[in-house]
Structures are given as structure tokens and as C-alpha cells.
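Q: Note that the protein sequences, when read in sequence, are chains A and B. Start counting the first sequence at 1340; every next residue gets the next number (our numbering). Start counting the second sequence at 1340; every next residue gets the next number (our numbering).
A portion of the hints provided could be inaccurate.
Heads up, the list lumps identical chains together, so a pair's fine if it works in one copy or across two of them.
[As the list claims (entries may be wrong)] Think about it this way: if two alpha-carbon atoms lie no more than 20 Å apart in a straight line, the pair counts; the simulated EDC-like pairs of lysine to aspartate or glutamate are:
id	residue 1	residue 2
1	K1421	D1589
2	K1533	E1598
3	K1518	E1591
4	K1344	D1398
5	K1616	E1389
6	K1560	E1389
7	K1535	E1615
8	K1533	D1373
9	K1343	D1584
10	K1428	E1494
11	K1560	D1589
12	K1344	E1374
13	K1614	E1389
14	K1558	E1591
15	K1367	E1591
16	K1558	E1389
17	K1581	D1436
18	K1535	D1555
19	K1535	E1637
20	K1367	D1589
21	K1518	D1589
22	K1562	E1389
23	K1581	E1633
These are computed hints drawn from the structure, not numbers from a lab.
Number of protein chains: 2
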Amino acid sequence: MSFKKILIVSGTHGNEINPIWAINQFNKEENRIDEGIQYTYAIGNPLASERGCRYVDVDLNRSFNSVNQNNDDKSRNYYEIKRANYLIKNFGENGSDPCGMAIDLHTTTANMGTSIVIYGRRRKDLCLAALIQNKYGLPIYLHENDKEQTGFLVEAWPCGLVIEIGAVAQNFYDPEIIKRFLIIISSLRQEINKLKNNLIKLPDQLIAYVHQGSIDYPKGKNKNINAIIHPRRINQDWKRIKKGDPLFLDMEGNTLRYEGEEIIYPVFIGEVAYKEKNIAMSFTKKEVIFLSNEWAEEFFN
Amino acid sequence: MSFKKILIVSGTHGNEINPIWAINQFNKEENRIDEGIQYTYAIGNPLASERGCRYVDVDLNRSFNSVNQNNDDKSRNYYEIKRANYLIKNFGENGSDPCGMAIDLHTTTANMGTSIVIYGRRRKDLCLAALIQNKYGLPIYLHENDKEQTGFLVEAWPCGLVIEIGAVAQNFYDPEIIKRFLIIISSLRQEINKLKNNLIKLPDQLIAYVHQGSIDYPKGKNKNINAIIHPRRINQDWKRIKKGDPLFLDMEGNTLRYEGEEIIYPVFIGEVAYKEKNIAMSFTKKEVIFLSNEWAEEFFN
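The task is simple: from the sequences and hints, build the whole structure.
A: Here it is in C-alpha cells:
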């Protein structure tokens, strides 16, 4: 695997405009090469970005499992399927301009703060996530084992993670959110440099919020939402809940409660873009994941 | 003019979902008649609401000047033009189910708080706005003399105002925002009842933020936005600014400043839906408008 180049993607969702702005500020000659590592910047979904919508035909960040597969004619013509193929062909591990890592920048309307998302338990991803968590105490969302949600961009690279920052409205420029992206990109580069120069000791462990599944809004026969996120649950991402804690509030003022026996930590609470995916929030469990310092030594091998 | 009926509209913009939820909670048998006044509830733009977008063809809340005009064939077939005609035909002053007043409920991604918008200086609108301002100290935005922006819904009724609440993201259910709509609707009903029963003395005056015009984002040759709202200006709606105060921040970190000589108060700062209207914010001037108590006496004549 080549680590000479790292791909940084913004605008994978066209209405998440703050990372695009941050990258435009960052993408200068002096920021393109650092300790021998070259940084390449791409807008994930330029057409959706131009139109101010999440996607044109299908969600680009669920389209990377379709790449190089025998798609039916219809989906082959979807803008995002073509775009996923383009990105792989150009910047993939075996692309014309190969990158060994992808960092994908996203915003959310949920109150997630600055957070890291990784997909599965790849060692290199865990290394990077652990280093950033160690530095800032940021929460890590480990997404795995969800058949309903696959084909994320960074999974198509040998190493990669998502930076997810919120709450911010779609299409709303927020200087504070932009600042946070600039800080986290700089930090990632610093940590990557240290990894490259073997100047770093990995933390022994990281704390991950491991994806367990998602729940939908309560819905009526017409599939309309008939209860909203409860006032005591909205904006409370990463906070633990136990049996009996409120989840939703219906139109008559009734509270619908969490009935599970296990302690869980909801995330992406009320995310606007997930309504069409029938997701009101996702449930996670806290888990300690142990790291070995060898993983850092292997990082650039 | 008939005041037996008052029309309350939510979902005039399909992605402003909190007032729709509030009205669904409010629209119960016991809330439909009050002191002999009947309340009728309508979803302004049901198709856009179903699709989660602001509008389908054109902005419904700029389409009420097209009603009954000799539109060209194309615009006559726009969904919102037909919808505006439908609302007037049914609930207009001379409609089949005539309403003497319209209250139109909106949300904004700008940090406007709970505010009142009136269009022009109609006495009845000023009465109602003054009573609500007197009760809660809410800001009143007086929109007038803007050729670029016409055809607002409430202008098509003899009396009417907009309740505008933010900041909230489009399509995001926020229980706090819903609560604010329920409070303001109840208050409006109380004040209307007092007006009906001559139980009220009007305040001598109200303070309005009078629309002066709007400014666009600084743009490049490709019409792309090349400066965002300044960190010191974002979310600072209703706050006074003077010559030299920052307005925008460009990609190189340069501050673009307000160069006018007059004190102004920007509103709708960074409103997402106004980007397509080439509006980054609107400028207002504070003005004291005097009221005569006779206006209250005339209210139900």
C-alpha cells in the first residue's frame, strides 16, 4: 500500500458545505505536501454540491460497494455510482493517482460535536482514531455489522475515517464549524507525521461507541411520523440511557420510552438526512478496544 | 370584512416542519372555536411538505401576487400558483369559506428568536403586532417597499402576520421550537378575544425593524460565494451595526466590513433558503410607530 498520498474528501454530501469551505481554505500549495506525504483534495459530489442537495440519484456515501460490480443498467447510470467509480479509478489504492488513505469530512444536524467515525476494526483506522481521541477526548463511533447501511466511501480505501461535526443545518455556513474542521485536519496531519517518523507511542486503548442498530420514528398507517424525538432526548447524543428513559413524544403528549434492558448510547439523534433511511437515532454500546504499539510501527509499511 | 373566521397556515414552506407539528397538536375540536371566532387550519404547501422541500416549482410565499392575474401558460401550471389560487378561492376574503385574517407560521435557520413579520403598515396588523410585542417584547420586522420580494401569503388577506421562529434546521423537529409556536398561537387567540370584546387598550406605540433592502454574499466571476458571514456577525440578528463592523470573511481570512454611514440592524443573517434569492442578510432600521386606540375599536368592524 502506498502512503505517499492521502485523499481528503469534502462534499461527499452536497449540502454539507462547511467542510468544503474549510478545504478551500486549506488547499494551498504549502499544505499539499508535508513530511514527504502528499495531500490530494477532492469534492466528493460536485453536482449535488452545486445544487445544494445531499445527492442527485443515490447517497454517494452508500455507493462504494457497487463499484466494479455488475450493476443493473439503471443503477449503473446513477450519477453517484459513476462518481464512486471515478473516485476509485483516480484516487483508489490501484488508481491512476493512488492514495493509501481517505479522510472524509461530514456534518450532521444532530448534536454530535466533533467526532470520528470508523467502519469495522481495521488496525490503521484504530491507530489514527486512538491518537485523535487521546489528544482531544473525541468520541469514536464504530460502525459495523449493519446490513442496512454499507458502501461507505472510506471503506474503499485500505485506511480511512470520517470526521463528523454537528449540530449544523444543511447548507448553513457556520464559521465555528469550519474552524473545527481546520483544527482537526491539522491535528490529523501532525499525528500522521509522527506515525511516519516513528515518533509516537500509541495509547494502550481507545473507547468506542459500537453501533448496535437503529430505530425509526413511530409511524402511522400512512407512514407519517407520529411522534418526534422527546425534549429530554433531542441533542443528547453520546449520553447513556437505560430502560424507561424517554425516546419520543407523540402528538397527544404521551412519552414513548426505551424498553431495552441494556445501557445504550444513542447517536445521530434526529439527523434530518436519515429520515428517508427510516432512522430516528442509532444505538451504540461503549466498548474498550485495546491497541498494540506494533500497529503504529506497521502503519507505513 | 368577516372576522368570524381566522386562517392559520403552516407548511407554506414544506421543509419548515415544526409549525406543522404544532398545528397538528393544536387542531382539536376544542381549539376550533373561541369566543365566537372560528379557527381554520391549512397546510400551505402539502406536496412540498410531503417531499421535505421548500417548494415544488416556485416559492409559495412569493406567489400571492400572481393570483387572478393573466399569467403566462407556464407559470399558470406551477404547483404553487395553483395552490395560492386554491387557498384564496377557499379561505380568501371572498372565498367559499371566507376568513378575515391569516396567520402564517414559519421557521428560519437564522437566529431570529421568536419574531413577528408584517408587510406594510396596515392598521389591523400593527394592532396585533403591538399587542404581542407589548406582552413578550418580541421584535417586529416590517417588510415594505421591496420590489424584489412581493406576493407574500398574508398580504392576500385584509389582515395577517407571520410568526417567524429560529434558529432551526430545515426538516429538523425541535420540541423547543414547537413549544414556542404553541405559546404564541395561544397568545394571539387571547389578544384577539380581548380585541373582540373591547377589553384591551392598545399600546401607544410599537418598535419596528423596518426593511431597507438586502445584500448578497460577495461572489466570484463564477457566481460562487467567496466570503461567508463573519464569525462576529453570524447569529447576531437584530443587533445594531455601524460603519466598520464586520460583515463577511473571505477565504484568505480578510474581513469585509459594513461601509454605510447609518446605524442598521441586520436580520435573516445567513438564512439558508435565501441563498437562491441572492440574499446573505437584510438590513433594517429601527422605527417607532405610533398607534391610536381607535384602531383597536375598529378591529372587528
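Q: Now look at each hint and say whether the structure bears it out.
A: Status of the hints after comparison with the structure:
1. With identical chains, the CA atoms of K1421 and D1589 are never at most 20 Å apart, being 42 Å at best within one copy and 33 Å at best between copies.
2. Neither within a single protomer nor between protomers do K1533 and E1598 lie at most 20 Å apart by alpha-carbon distance, with minima of 46 Å and 47 Å respectively.
3. Proximity of K1518 to E1591 under the C-alpha cut-off of 20 Å is restricted to the inter-copy arrangement: shortest distance 13 Å between copies versus 42 Å within a copy.
4. With identical chains, the CA atoms of K1344 and D1398 are never at most 20 Å apart, being 26 Å at best within one copy and 46 Å at best between copies.
5. Taking CA atoms no more than 20 Å apart as the test, K1616 paired with E1389 passes between copies only; the shortest distance there is 15 Å, against 23 Å inside one copy.
6. Taking the shortest alpha-carbon separations for K1560 and E1389, only the inter-copy value of 15 Å comes in at or below 20 Å, while the best intra-copy value is 37 Å.
7. Taking the closest pair of Cα atoms, K1535 and E1615 never come within 20 Å of each other, the shortest separation being 42 Å inside a single copy and 45 Å across copies.
8. For a Cα distance limit of 20 Å, the shortest separation of K1533 from D1373 inside one copy, 11 Å, qualifies, whereas the shortest one across copies, 71 Å, does not.
9. Proximity of K1343 to D1584 under the C-alpha cut-off of 20 Å is found in neither arrangement, the shortest distances being 49 Å within a copy and 45 Å between copies.
10. In the homo-oligomer, the alpha carbons of K1428 and E1494 lie at most 20 Å apart inside one protomer (15 Å), although the nearest pairing across protomers, at 55 Å, exceeds that limit.
11. In this assembly of identical chains, K1560 and D1589 lie within 20 Å of each other by CA distance solely inside one copy; the values are 15 Å within and 49 Å between copies.
12. In this assembly of identical chains, K1344 and E1374 lie within 20 Å of each other by CA distance solely inside one copy; the values are 11 Å within and 72 Å between copies.
13. Only between protomers do K1614 and E1389 lie at most 20 Å apart by alpha-carbon distance; the minimum there is 12 Å, versus 23 Å within a single protomer.
14. Taking identical chains as interchangeable, the C-alpha atoms of K1558 and E1591 lie at most 20 Å apart only when both belong to the same chain, with a minimum of 14 Å there against 48 Å between chains.
15. For a Cα distance limit of 20 Å, the shortest separation of K1367 from E1591 across copies, 10 Å, qualifies, whereas the shortest one inside one copy, 55 Å, does not.
16. Only between protomers do K1558 and E1389 lie at most 20 Å apart by alpha-carbon distance; the minimum there is 14 Å, versus 33 Å within a single protomer.
17. In this assembly of identical chains, the alpha carbons of K1581 and D1436 never lie at most 20 Å apart, being 49 Å within a copy and 51 Å across copies at closest.
18. In this assembly of identical chains, the alpha carbons of K1535 and D1555 never lie at most 20 Å apart, being 43 Å within a copy and 46 Å across copies at closest.
19. Taking the closest pair of Cα atoms, K1535 and E1637 come within 20 Å of each other only inside a single copy of the chain (10 Å); across copies the shortest separation is 80 Å, beyond that limit.
20. Taking the closest pair of Cα atoms, K1367 and D1589 come within 20 Å of each other only across two copies (15 Å); inside a single copy the shortest separation is 50 Å, beyond that limit.
21. Only between protomers do K1518 and D1589 lie at most 20 Å apart by alpha-carbon distance; the minimum there is 13 Å, versus 37 Å within a single protomer.
22. Taking the shortest Cα distances, K1562 and E1389 sit within 20 Å of each other only across copies (11 Å), while inside one copy they are farther apart (31 Å).
23. For the homomeric pair K1581 and E1633, neither the shortest alpha-carbon distance inside one copy (38 Å) nor that between copies (59 Å) is at most 20 Å.
Checked against the numbered hints listed earlier, the structure breaks hints 1, 2, 4, 7, 9, 17, 18 and 23; every other hint is satisfied.
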